[in-house]
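Asks: Next come the chains, spelled out residue by residue.
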Amino acid sequence: KQEVTQIPAALSVPEGENLVLNCSFTDSAIYNLQWFRQDPGKGLTSLLLIQSSQREQTSGRLNASLDKSSGRSTLYIAASQPGDSATYLCAVIPLAGANSKLTFGKGITLSVRP
Amino acid sequence: DTAVSQTPKYLVTQMGNDKSIKCEQNLGHDTMYWYKQDSKKFLKIMFSYNNKELIINETVPNRFSPKSPDKAHLNLHINSLELGDSAVYFCASSSRGGPQFFGPGTRLTVL
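These protein sequence lines are chains A and B, in that order. Counting from 272, one number per residue, gives the positions in the first sequence under the numbering used here. Counting from 2, one number per residue, gives the positions in the second sequence under the numbering used here.
Treat the hints loosely; a few may be bogus.
Said to hold, decoys possible - If we take Cβ atoms under 7 Å as the criterion, some of the chain B residues that face chain A in the derived model are:
#, residue
1, 4
2, 44
3, 46
4, 49
5, 57
6, 62
7, 96
8, 103
9, 104
What the hints contain is simulated information worked out from the structure, not anything from laboratory work. Backbone N, C-alpha and C define an ideal beta-carbon position, used for all residues, glycine too.
Given only the sequences and the hints, what does the whole structure look like? Please build it.
Replies: This is the structure:
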């Protein structure tokens, strides 16, 4: 059974710092991995999707990497801003197609202090 | 706007009542999902439909019955609501192999 772990559960950093959020998964047979952002009381916003054949994806100040063999992904946030404060969730999909259910980690709540 | 939308956004009801949550996506996706986020913020899959056909049912009580009238809609009906059903319910959609896009959520409170 796939399990996704995100540690620590919470993180507080000063504005401007570069930071790395970690995600680990127990079963390396994944189809892809998706990083989301969730603001308090809101839905999930998709940030990046990495296919199993890819090593990384970039969008603006965000860079996500994937190492399937070791069961790890990281989300790198450059030059953090107070507006980056949110909960960041990673989720994996084991199979392509119709039965592609996401298995989520519990998220990392990030606070960027001005 | 292209998006996944859900109604209602908030739902407060008494134990034992029956309620429905509606979801619509206009992204042209063929697969839709219901997820439940509990009080500890943990997200878990409940159901998945592909082209109106139930694909995933994650040991959810029979009181929960999803219905997909067409590819763009996936509704969730809940019978005999219980206190433990209080949560945020998210609808999502995707195409094969693509990212999943989530609706804004429906916060259900059972009193």
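Asks: State for each hint whether it applies.
Replies: Here is what the structure says about each hint:
1. Proximity of residue 4 (chain B) to chain A is violated relative to the hint, the smallest CB-CB distance being about 10 Å (cut-off 7 Å).
2. The criterion of a C-beta within 7 Å of any C-beta in chain A is met by residue 44 (chain B), whose closest approach is roughly 4 Å, and the hint holds.
3. A cut of 7 Å between beta carbons decides the hint on residue 46 (chain B): the least distance to chain A is about 4 Å, and the hint holds.
4. A least Cβ separation of about 6 Å between residue 49 (chain B) and chain A falls short of the 7 Å threshold, and the interface hint therefore holds.
5. Given hint, residue 57 (chain B) at the interface with chain A, holds; its Cβ is 5 Å from that chain's nearest Cβ, closer than 7 Å.
6. Annotation: interface hint on residue 62 (chain B) violated; nearest CB of chain A at approximately 18 Å, more than 7 Å.
7. Hint status for residue 96 (chain B) relative to chain A: violated, with the closest Cβ pair at about 10 Å, above 7 Å.
8. With a least beta-carbon distance of about 4 Å to chain A, the hint placing residue 103 (chain B) at the interface is held under the 7 Å criterion.
9. For residue 104 (chain B), the suggested interface contact is upheld, since its CB lies about 6 Å from the closest CB of chain A, less than 7 Å.
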